[in-house]
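Top line first, the protein sequences correspond to chains A, B and C. Under the working numbering, think of the first position of the first sequence as 1, with each following residue one higher. Under the working numbering, think of the first position of the second sequence as 347, with each following residue one higher. Under the working numbering, think of the first position of the third sequence as 628, with each following residue one higher.
In the EDC-like style, the derived pairs of lysine to aspartate or glutamate whose C-alpha atoms are separated by at most 16 Å in a straight line are: (1) LYS849(C) <-> GLU863(C); (2) LYS800(C) <-> ASP828(C); (3) LYS699(C) <-> ASP689(C); (4) LYS30(A) <-> GLU582(B); (5) LYS849(C) <-> ASP828(C); (6) LYS39(A) <-> GLU565(B); (7) LYS33(A) <-> GLU582(B); (8) LYS650(C) <-> ASP637(C); (9) LYS762(C) <-> ASP378(B); (10) LYS32(A) <-> GLU582(B).
Simulated coverage check for chain B against chain C, where a stretch passes if three residues somewhere in it have a Cβ under 8 Å from a Cβ of chain C: (11) 492-505; (12) 510-521; (13) 566-573; (14) 576-584.
Calculated from the structure, these hints are not laboratory results. Backbone N, C-alpha and C define an ideal beta-carbon position, used for all residues, glycine too.
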Amino acid sequence: MHMADALLSPAVGATFWAGTAAAIGYASKKLKKRLDDRKIPLMGVAGAFIFASQMINFTIPGTGSSGHLGGGMILAILLGPHAAFLVTASILTVQAFFFADGGLLALGCNIWNLGIYPCFVAYPLIYKPLAGDGKSPKRIVVASLSSAVVALQAGAFSVVLETSLSGKTELPFATFLLLMLPIHLAIGFVEGFVTAGVVRYVHAVRPEIIEGDGSAGTLPSGASLRNLLAGFVALAVVTGGALSWFASAHPDGLEWSIGKITGKGELPERDRGIAASLKGVQERTAVLPDYGFKPPEGGSKEEKTPSWPAVDAGTTASGLIGGALVLGMALAVGWAIRAARNGRSS
Amino acid sequence: MGDPGGAKRTILLTFEAAYSGIGRLDRLSYRDTPVHRLDPRAKVVATMLFVVAVVSFPRYEVLSLLPFFLFPALIAALGDIPGGFIARKVAAVSPFAVFVGMFNPLFDPGTVEVLPGVSVSAGWLSFASILVKFALTISAALLLIATTSFPGICRGLRRLGMPPLFVSQLLFLYRYLFVLLEEAMRVVRARDMRSFGSRGTGMRVFVRIAGTLFLRTVERAERIYGAMLARGFHGEVPSMRREELRLPDAVFLVASVSFFALCRAVPVPETIGRVFRGLAG
Amino acid sequence: MSHHIIEFRDVRFRYPDGTDALKGVSFRITHGESVGIVGANGAGKSTLLLHMNGHLLPTSGDVTIGEVPLRKETRPEIRRKVGVVFQNPDDQLFMPTVFDDVAFGPLNLGLPPGRVRERVHEALRRVNALGLAGKPPHHLSGGQKSAVAIATVIAMEPDILVMDEPAASLDPKSRRSVIGLLNGFTHSKIIASHDLDLILDVCGRCLVIGDGAIVADGPAEKILSDAALLAENDLELPLTLQGRHTMGGTKP
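Next comes chain A alone, as it looks inside the complex (with noise of 0.2 Å):
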């Protein structure tokens, strides 16, 4: 599900941007550091790889619906989590232009939701333990479901909210919730026995590719698999109560949290790049009219939300006529170059 520019603000944008091309940094050095220059190419590919299996839908036993592999967690599998987040993140940048997923504001929301989780939170924290050598086949399937399972779970989250920190829509942060996480449940599920079955193959046939295959899993001996399920269950017990006190407690939006976030100062900065540029935009132009952060300025008719019942009829209809010119212009002038270009080259 790709976050889209229309439903976030650019504050929400911007900080998601921020923290997004703070990872892109982040992996692109780890993997300089040590990367085997064998892999430029393969990643590239890879990518590549994604892209188009993505394009060829299977049905869903049972159900008749299709559905089509998401890639953050079996690239972070295949490839390891630093090049399998570069290679997520270039994916949904050829998406975004390609297909127009989401958009370009957007596009740092979707990288975070799809690849962040998958490489650096259900990678490390829960595919490596469970799968332990990567040698036994249940192992692997157990650890691929939960960790596309918890992937997608806490990426559906993100959206979420985003969404409800944007404040563009008036869907209620706890409905939207429950809307959202049954769907990416049952995509999870999915996603993670598409998954184990693809990592399977390849180990079947070529082990030798499968990142940190042989160097042993960070799971120590003594812990069985069945103590580490357990525990999983009740980190997600814990996780999703915590989840659900939060849902409840702030029912409508998240205004609070916004405040409490931006009130500190805590907007992660960005010194160079694009992010800086964004947030030098963001700055400067008037960013979460919606919550009040930038007093009106000069006390024009700038100020219209909070207060919108009391707009006035008049200053709405004049906005209704001039709408219509401008709106008409826009198409004149578009089609008067055409027919102009037409002209000219015929």
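Add chains B and C to chain A, keeping to what the hints say.
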């Protein structure tokens, strides 16, 4: 379900439609028009600022957003990009925004008088605002790629501070996207020819296809690596273009940014409307 | 003058899985020669080519390029002398545009931008592809891809050109123009192919490889007209040397 073959044909068709959609955008991006000739950096930055300006409007704002349509309209016209094609692509990706925005009328039933005697529910207004923002931001992104070749965008990103390793990933992905899509398409065709109207691809078959495709991918990567080594590769993909921004790029950037700033600061439609009503009355 | 030679002395190569791909190969090629390498699938042609620029190192025996013995540490030097054009242009052309691709080698050689541009221009001119510089490889036809793939290698100004199936899966016209290009180069050329007519048109000398060893070596015309020798190696006479009657059976 009556015609399982039909279902499969649809899958194949979706695949080919998606593929030809990307292909068309990609071919458009290599045209030669004044917009295509602008420096990629200028276009990337302008589009980014456009998106930020658009989404920075409050949630009930619809009218003040309308002047922003001038930007995509101009780019499409000067860049000779068919508007209908862009509009169809925008519509194709709208479901998520529509799905989420659709709840606004349900949860925000307060009404508002927009004209003397005419009331509209506030939720519908914010829904409309989401749709307008969606159309603006998505068409701007599509027009950016339709008027700038992807390698150009990547060069722009590199000059704007993206890590070289990430940029070379983007370039490799772009280069092999089309090669692998064709390969996947051949596999899908072969599968369809041999499955004789039985059920569509189950997960098991998909796993086999994806696994095979991945192994072929690895082998291809090994051959590419060999070809790179044969031409002196030693760890970093070199690049040499160092274009400087030229006058038209600067003019474009300054003009679009001032336009966005103006439209953001002044409620243009309302102002024009007042003038218009002043003249009329 | 004849510095630029390739010499293989009793080269053996065993893949990690235990397959013996080369079983004692010896030959030398002198400056300016055009040599065709033919043989059935799996005979060892590709393995042989991969030794010429050190992509593979012999398990035993010696390869010498020019005066330089092939070793792990001499590979960069050898790769400047030997340009390899791989079979599939999609693997050979890995950069996003034709210009970037042709510039890849010269840039890796550390040439200044001005010189790189000259090299790219010259290489593309020689393969009649100057107009393609700004295009991405996936917008090229098969014949254009093959031509550009050759340009990527000659831009590095190697002494020796090594090619694996330079005209595979090309339409007849594109194939003809690739043959024309190859005949225009004065480099030493080594071409592995199943297209025996192409070998006949381009190469003066021909090696036949069978089961990891050289089974014949001599003038191309002589070898490629030896029907018995070719048949023994799962090959057949080039079409130009086949009389219609040898095709067996008449068409209705």
